[in-house]
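J.: Residues per chain, in single letters:
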Amino acid sequence: MENLVYALVQLVHNFGAVAVTAAPFAAFSPARLAPESRRGLARLVAAAWLVQIASGIAFGATSLHYYGVLPDLSRVARAALIVKVSCALAGTALVTLLFARGARWTEAAHGRAWRALAALGATALAGAAVLRWFS
Amino acid sequence: MPSLIPPSFARAWACGAALALVLLAPPDAAAAEPYVPITSPADGAPLDAMDQNRLVYEVDPGPRGDHVHVYVDGDEVGILRQLKGSYTLETLAPGSRELCVKVVNKAHTPIGVQDCVQVRVE
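Heads up: the protein sequence lines correspond to chains Y and L, in order. All letters in the first sequence, in the order written, are residues 215 to 349 by the working numbering. All letters in the second sequence, in the order written, are residues 4 to 125 by the working numbering.
Some hints here could point you the wrong way.
To be verified - To give a feel for the contact side, a few chain Y residues facing chain L, derived at Cβ under 8 Å:
id : residue
1  : Tyr-220
2  : Glu-250
3  : Gly-270
4  : Phe-273
5  : Ser-277
6  : Tyr-281
7  : Val-283
8  : Leu-287
9  : Ser-288
10 : Ser-349
None of these hints come from the bench; they were simulated from the model. Every residue, glycine too, gets a C-beta built ideally from N, C-alpha and C.
Here chain Y stands alone, though its shape is the one from the complex (with noise of 0.2 Å):
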């Protein structure tokens, strides 16, 4: 029960790394340049980011919950958790402040707003891969 508990935990993390991750880069396809999709794109994001800090939260608590302990990090391990919550912090706040004042920026703004996303994503998926092998 214990490891389907962590699996479908991690299955939620999964998605939402790749949704925080893709859709940045999928607002830059011609596709997607009219405001109307990005204003979705920009909600999956939100909506990808929460999902990350609470499925992050969700590891922690399960091995609370069958342990009552926290997982052992390394010193790496720790700096790569440190990485990966600022990104989903700066993320969410950069998504937030889209929806906020986005209809009054530029187009450079909004095009500098969706890069940042994007290494925001990229940033916090390359922190997981340390995270999971230095932990």
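Given chain Y, put chain L in place with the hints provided.
T.: Chain L alone, transformed into the frame defined by chain Y:
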């Protein structure tokens, strides 16, 4: 009378049910209790600070464990996936040091099986 359920759908459900049974099956009751003794150094042993000191262990992770972590004074310093082997400790500062090996699960969570020795580094 033709079945209302397409064969491919039934096969997918059968595979899913089999997978669920495997995942939900309780651990083998006959499986041995997990253990992880540190065979060297012995508790209270003196270690030379200038030497390359090795920690020798063997582990049976049991059904819930996966691998082991090595700790010096509570800090994780290594991950070991072999069931029997040794780990070369980095230079230890003189004084009393605690060396621990803990069995952890696939999520790196200690499952409560561990062995620790206290050594004197001189």
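J.: Can the hint on Ser-277 of chain Y be confirmed by a CB-to-CB distance to chain L that is less than 8 Å?
T.: At 4 Å from the nearest chain L Cβ, Ser-277 of chain Y passes the 8 Å test, so the hint holds.
J.: Could you check if Ser-288 of chain Y really has its C-beta closer than 8 Å to a C-beta on chain L?
T.: OK, holds: Ser-288 of chain Y within 8 Å of chain L, min 5 Å.
J.: Minimum Cβ distance from Gly-270 of chain Y to chain L below 8 Å?
T.: Check failed: Cβ of Gly-270 of chain Y comes no nearer than 12 Å to chain L, outside 8 Å.
J.: Grab the minimum C-beta distance from Leu-287 of chain Y to chain L and call the hint holds if it beats 8 Å, violated otherwise.
T.: For Leu-287 of chain Y, the interface hint holds, since the closest Cβ of chain L sits about 7 Å away, which is under 8 Å.
J.: Verify the interface restraint on Phe-273 of chain Y: the C-beta must sit less than 8 Å from at least one C-beta of chain L.
T.: Phe-273 of chain Y check passes; min Cβ-Cβ to chain L is 7 Å, inside 8 Å.
J.: Does the CB of Ser-349 of chain Y sit less than 8 Å away from some CB of chain L?
T.: 4 Å, holds
J.: Using Cβ atoms only, decide whether Glu-250 of chain Y comes closer than 8 Å to chain L, and label the hint accordingly.
T.: 37 Å, violated
J.: Holds or violated: the hint that Tyr-281 of chain Y contacts chain L, with Cβ atoms closer than 8 Å.
T.: 5 Å, holds
J.: Report holds or violated for the interface hint on Tyr-220 of chain Y, using the least CB-CB distance to chain L and a cut-off of 8 Å.
T.: With Cβ-Cβ at 6 Å, under 8 Å, it holds.
J.: With chain L as the partner, please determine if Val-283 of chain Y meets the hint condition of a C-beta pair closer than 8 Å.
T.: 6 Å, holds
Of the numbered hints given earlier, the model fails hints 2, 3; all others are met.
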